[in-house]
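**Student:** These protein sequences, in sequence, are chains F and R. The numbering used here numbers the first residue of the first sequence as 1 and each following residue consecutively. The numbering used here numbers the first residue of the second sequence as 1001 and each following residue consecutively.
Some hints here could point you the wrong way.
Among the chain F residues that face chain R by a calculated CB cut under 10 Å, a handful are [to be verified]:
#1 113
#2 120
#3 121
#4 181
#5 185
#6 187
#7 214
#8 240
#9 250
#10 301
#11 453
In short, the hints are calculated from the structure, not lab data. These numbers come from a predicted model, not from an experiment. A virtual CB, placed ideally from N, CA and C, is assigned to each residue, including glycine.
Now for the letters of each chain:
Number of protein chains: 2
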Amino acid sequence: MHHPRPPAPLRRLCATLCVSSLAAAAFGAHAAAAPAPAAAPEAVAAQLRDAALAGHDIAYQWVSELTSRFGPRPAGSVNEQQAAEWAAARFKELGFENVHIESFPVTAWVRGAESAQITSPLAQPLVAAALGESPPTPAAGVEGEVVTFASLDALKAAPPGSLSGKIAMVAGRMVRTQDGAGYGVAVDARVDGAGEAAQRGAIAFLLRSVGTDSHRLAHTGTTRYVDGRVPVPAFALSNPDADQIARLAALGEKVRVRLYSSASYVKDAHSQNVIADVRGRARPQEVVLLGAHLDSWDQGTGAVDDGTGMAIITAAAALIRDAPQRPRRTVRVVLFGSEEIAQPVAPYGAFGGHAYADNHKAELATHVLVGESDFGADRVYRLGLPQAVLQGEFAKTALRVLAPIGVLAATQAAQHVGTDVGPTVEAGVPEFALNQDGSGYFDIHHTADDTLDKIDQEQLEQNVAAWAALAWLAADSDVDFRTHGAPPPPQP
Amino acid sequence: MHHPRPPAPLRRLCATLCVSSLAAAAFGAHAAAAPAPAAAPEAVAAQLRDAALAGHDIAYQWVSELTSRFGPRPAGSVNEQQAAEWAAARFKELGFENVHIESFPVTAWVRGAESAQITSPLAQPLVAAALGESPPTPAAGVEGEVVTFASLDALKAAPPGSLSGKIAMVAGRMVRTQDGAGYGVAVDARVDGAGEAAQRGAIAFLLRSVGTDSHRLAHTGTTRYVDGRVPVPAFALSNPDADQIARLAALGEKVRVRLYSSASYVKDAHSQNVIADVRGRARPQEVVLLGAHLDSWDQGTGAVDDGTGMAIITAAAALIRDAPQRPRRTVRVVLFGSEEIAQPVAPYGAFGGHAYADNHKAELATHVLVGESDFGADRVYRLGLPQAVLQGEFAKTALRVLAPIGVLAATQAAQHVGTDVGPTVEAGVPEFALNQDGSGYFDIHHTADDTLDKIDQEQLEQNVAAWAALAWLAADSDVDFRTHGAPPPPQP
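Just chain F, with the same shape it has in the complex (with noise of 0.2 Å):
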């Protein structure tokens, strides 16, 4: 199926940073008239760029109708599932190849009734929500003197026995970065607080949301399973609310906690993965891979971790589908399933990641670049690419194309790109990454608050275009990006 492009007034975003606005218009009338000579896949790449830019709203007509109908989407989730043959349908009426979904077994988490109070010196509600993979409450809920650590590593410090009967709290304060880089940083704490405090004897664990925002809003996320079970009970604090137990402390206080819960698991759920093609021309069995995940957590609706994903690459593949010309090689887009939960047995997380490099073993030797969107909706500002041809004529071409938009080049190879990836990049292939500015991601990722209003529509359509133009310009290209830059000599 075809779908010429309507003329379409160019947005804002356009007008400030486009090189050739007047190239889009012209791009859709060659896409509904017959095959002109091939454009240099330089001019195709700069022409998808201006047309993702020019009232392509794929990629916003998709995020806001996956989060309308299916709201959050937990990994092995009938609304997980639905979404994904929605996504299925969605990718055949856009014209792609090989549609399928592939299917894995799971754990499932379900969050319950839950709440949480100050009992004592008074009582005052707080704002919490279990982490993932946390066990339930006893029905009257856990109660304890919170003990305040500043961080993980001061947790651990802890003799054992100490916080017996205790509930241990780790209050660090995520700091705000472009990059994520406080992130990582921070999460330490979500991923193996409840098992130490419980090696401690902690009764329940409380943290300092991993969040930037100050808004009553508790980021949940997920937790580690330790010998097939999270140990203790374990809550996420709204920012807003771990300072409240700061300053009753602060004002001589001992701060009770009651803390209640009845999340439980669903042992054999499933979660799966939607694959959709864009068959190369020349090329078909290489594939340029571009990924986002279909699960989200489940007090948001997913919207910018990660519909917003899903909706980058659903719309840039989208876009290359229309072009004049199909490239070389195969884009090919998968929607991962159960990205953002741990599982109690190995590999213990991204079951959508390795199902499938496991599922897609065979043909991981002629994937030939991989990259991941699942950072949010806000604009592009960097271009990681593989170490091979960080200083070729490939990185060259790409940033002339992507500079006019705000991307500069990164200076040192594109590293963990995507979680769901990570077991196709471990299997070897090549990873790029368009990175996106982070600075306010971390005031909605994992909360009530991650909903479709969130979204910036000029900043995502930049995405949709840093996306098509660097596709394109992988999909169409011979270049080898494990091993070297150059790409072969021009055909006649």
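Use these hints to put chain R onto chain F, whose structure you have.
**Tutor:** Just chain R now, with coordinates in the frame of chain F:
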């Protein structure tokens, strides 16, 4: 007890706005020394203004300790009562006179457990909060199809019986304004929606939050008793949740929702007003009354509604108390109880305000001027005065003192300056307003987000400066604000 101020670095606001920053340090020195020859009232007002901006942190400390120790202070609760006792003790420490608590009976309303979900077309959680005085649902909740109206008027136009078995929803969006005009328009649906919905057969009432934010936090607030009861359960939805229901409807779906609440009433509760005076040196029976309210909604800690109001008037009175000379008239601070909730019996609302006007009926003839601070913590931008003094010397003097901190003259007489002082104004006492910038107030108002971290200390202190200066000028004058603005001839 006397509180000399330590020298403190002038804050940024002062550096930008103050005309007489050196006067602040000078005033601190005066306060600790033997009485100097009485300065002209205008000069003292300017000194008070500047002292408030020069590191006088009573206001912030007040609201910090109050909201930390007592958290939410629902009318009739133990938290409200304990906060009143704490406030009275602090007033005594500050050297105020006539400090006492006046109790009155109220029917309290207690939020219980509550939840809301979309049940069809696919289960999704909603963020909702029962509106004040809303009755509980049955234990299994109430469930029905949502019928959406753009406004209360549209709901009122629905025929009798047309909402039988349905959940009526008013989805109009509050308009952001500086002066709160958007609230006045939107709040009618919160007050009367449940009654109007019930009249047409609805089993529950849903309201798009009366608020200007886009967070997953619902704005509660009072409803109206009809014949002694709120006729159906009533809930506010967060703005993103109201959007979600609208989008599902736009996709052609019938949306069903289930609502649950275990709210309850306490018929024999009591609330209280806290009163404290800075006794006038010449005409102590003449009172300039500064009001704010002590109770708060239960989701947040009542930091900006109305912890800051209390903090502002308390700090302003404390500055006047510490001035080298008492004003001629008494400055009275009243912290009203039970402002937020409605009552099932007459006078239905403003129970603290009515209790004060009733208890002090005989004194109201010598209450010369009254104001209330109940619009958050952001800067004062406008002075409103009674009609009689709009054009006189008093207004000119006040504006000379207030203009340097960014306060303009209102062109019309002050009206409806506060719920609590309403009954006192109805009894004939002239009112003034120091209007605050409310542009962001309804992002927070009546939500869980009403916490200390939302207060901008610099703007808070500008409020203290304005209240201290204005209250001083009114209290140190002989102006009759009821009849004319001309001050009597200077006393020898």
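**Student:** Evaluate each hint against the coordinates.
**Tutor:** Hint check:
{"no.": "1", "hint": "113", "result": "7 Å, holds"}
{"no.": "2", "hint": "120", "result": "12 Å, violated"}
{"no.": "3", "hint": "121", "result": "7 Å, holds"}
{"no.": "4", "hint": "181", "result": "24 Å, violated"}
{"no.": "5", "hint": "185", "result": "22 Å, violated"}
{"no.": "6", "hint": "187", "result": "22 Å, violated"}
{"no.": "7", "hint": "214", "result": "5 Å, holds"}
{"no.": "8", "hint": "240", "result": "4 Å, holds"}
{"no.": "9", "hint": "250", "result": "8 Å, holds"}
{"no.": "10", "hint": "301", "result": "7 Å, holds"}
{"no.": "11", "hint": "453", "result": "5 Å, holds"}
Comparing the model with each numbered hint stated earlier shows that hints 2, 4, 5 and 6 do not hold.
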